[in-house]
Amino acid sequence: MNQSDFLKVINPFKDKVFRLAKRLLVSTEEAEDATQELFLKLWRNKEKLSSYRNTEAFAMTMTKNYCYDRLKSKQANNLKLIHSNYREKDTSLDKKLEYKDSVNRVHLLIENLPNQEKLIIQLRDIEQYEFEEICNMLDMKPTAVRVTLSRARKKIREALIKQHNHGVC
Amino acid sequence: MEFANIDELLKKYVNAETTLDEEAYLKGYFSSEDIAPHLAEYQIMFTYFKTSKKDRFTKNINNLTYFKRNQNWFSIAASIIIVISIYVGNHKFNEFQERKKAKKTLAHVAVALKMVSSNLKKGNQSFRNLYIYEDSVNKIFKKKSTLNKTIKK
Chain A
1 MNQSDFLKVI
11 NPFKDKVFRL
21 AKRLLVSTEE
31 AEDATQELFL
41 KLWRNKEKLS
51 SYRNTEAFAM
61 TMTKNYCYDR
71 LKSKQANNLK
81 LIHSNYREKD
91 TSLDKKLEYK
101 DSVNRVHLLI
111 ENLPNQEKLI
121 IQLRDIEQYE
131 FEEICNMLDM
141 KPTAVRVTLS
151 RARKKIREAL
161 IKQHNHGVC
Chain B
1001 MEFANIDELL
1011 KKYVNAETTL
1021 DEEAYLKGYF
1031 SSEDIAPHLA
1041 EYQIMFTYFK
1051 TSKKDRFTKN
1061 INNLTYFKRN
1071 QNWFSIAASI
1081 IIVISIYVGN
1091 HKFNEFQERK
1101 KAKKTLAHVA
1111 VALKMVSSNL
1121 KKGNQSFRNL
1131 YIYEDSVNKI
1141 FKKKSTLNKT
1151 IKK
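Top line first, the protein sequences correspond to chains A and B.
Per this note's numbering, residue 1 is the first one in the first sequence, and the count goes up by one each step.
Per this note's numbering, residue 1001 is the first one in the second sequence, and the count goes up by one each step.
Quick caveat, the hints were computed from the structure, so don't treat them as lab data.
Please note: incorrect hints may appear among the correct ones.
Claimed, not checked - So the derived list for chain A, only partly shown, Cβ under 7 angstroms to chain B, looks like this: (1) Leu113; (2) Arg153; (3) Ile161.
Stated by the list, open to error - DSS-like mimics (lysine-lysine), calculated; alpha carbons at most 25 angstroms apart, straight line: (4) A/Lys141 <-> A/Lys162; (5) B/Lys1011 <-> A/Lys154; (6) A/Lys155 <-> B/Lys1012; (7) A/Lys41 <-> A/Lys72; (8) B/Lys1104 <-> A/Lys155; (9) A/Lys118 <-> A/Lys72; (10) B/Lys1104 <-> A/Lys118; (11) A/Lys154 <-> B/Lys1104; (12) B/Lys1114 <-> B/Lys1104; (13) A/Lys154 <-> B/Lys1059; (14) A/Lys162 <-> A/Lys118; (15) A/Lys141 <-> B/Lys1012; (16) B/Lys1050 <-> B/Lys1012; (17) A/Lys155 <-> B/Lys1050; (18) B/Lys1053 <-> A/Lys14; (19) A/Lys141 <-> B/Lys1011; (20) A/Lys74 <-> A/Lys46; (21) B/Lys1011 <-> B/Lys1053; (22) B/Lys1027 <-> A/Lys155; (23) A/Lys141 <-> A/Lys154; (24) B/Lys1059 <-> A/Lys41; (25) B/Lys1011 <-> A/Lys162; (26) A/Lys14 <-> B/Lys1011; (27) A/Lys154 <-> B/Lys1012; (28) A/Lys74 <-> A/Lys48.
A virtual CB, placed ideally from N, CA and C, is assigned to each residue, including glycine.
Okay, chain A solo, but in the shape it has when bound:
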């Protein structure tokens, strides 16, 4: 496998890896570093890549594990996460300002979820993976995935309703 073959393999999911890393590591720079590091790891093991049934699922699992490791070592080092520099693009013109706040609120809400809920929300609601794929990636039972996802969705929804009723912007 030469480099262009390799790039062809990873191209379809490189953004997904990046977004997952960013979801877990919060800062864009960290996520970019993690993504590069992960592709480098994949490149080093490129001979083995073809033996994996699903390279994308494998990459996502690797991303999850790598980010968990990073988070663990960061906790050990007592380093503070650099706060999210989430930029919102493309929202319909007139509602842009109004949305900007509320949409960012969802981002913050997800940020405060436990890691597992974050992961599953990311994989299902943003990347739109099938439950079966998610089970594969996270090594979880389907019922556990559904329960976690339902809990996360409820949390986000309830928090949004609460904020809406209290008029918090």
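With chain A held as given, fit chain B onto it using these hints.
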């Protein structure tokens, strides 16, 4: 679709029972402009999900082989540096060891020389005594001879 249907779907959605197709439908529904006000929170959620999928990885990953080659170079350079430093270090260590040895022998020699000098001093002292002795002998003999002379006279 009617509201009843959407409400039903949302209930399923919150319980994580919707399929991907149904979720895609919901996403489409909430990206339209006229949404019932009691569903505002869902619109916020789905809008967020949609926008955050647009985040792209923009860094270059075309230089993997370059990086790898670079790494090889790094290891070669590192091993060369290690070899050189071991060689230089060994050399320095030997030098240091030699200097230490030299200092030791110097100290030995110094002690020996001191001993020699002190012994020489002793010798000198005895020589001086000898001279004194000779002097006094000479004096006596001189005196004797002069005495003899005066006596002869």
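### Task
Please write out, lowest number first, the hints stated earlier that are contradicted by the structure.
1, 4, 8, 10, 11, 13, 20, 26, 28
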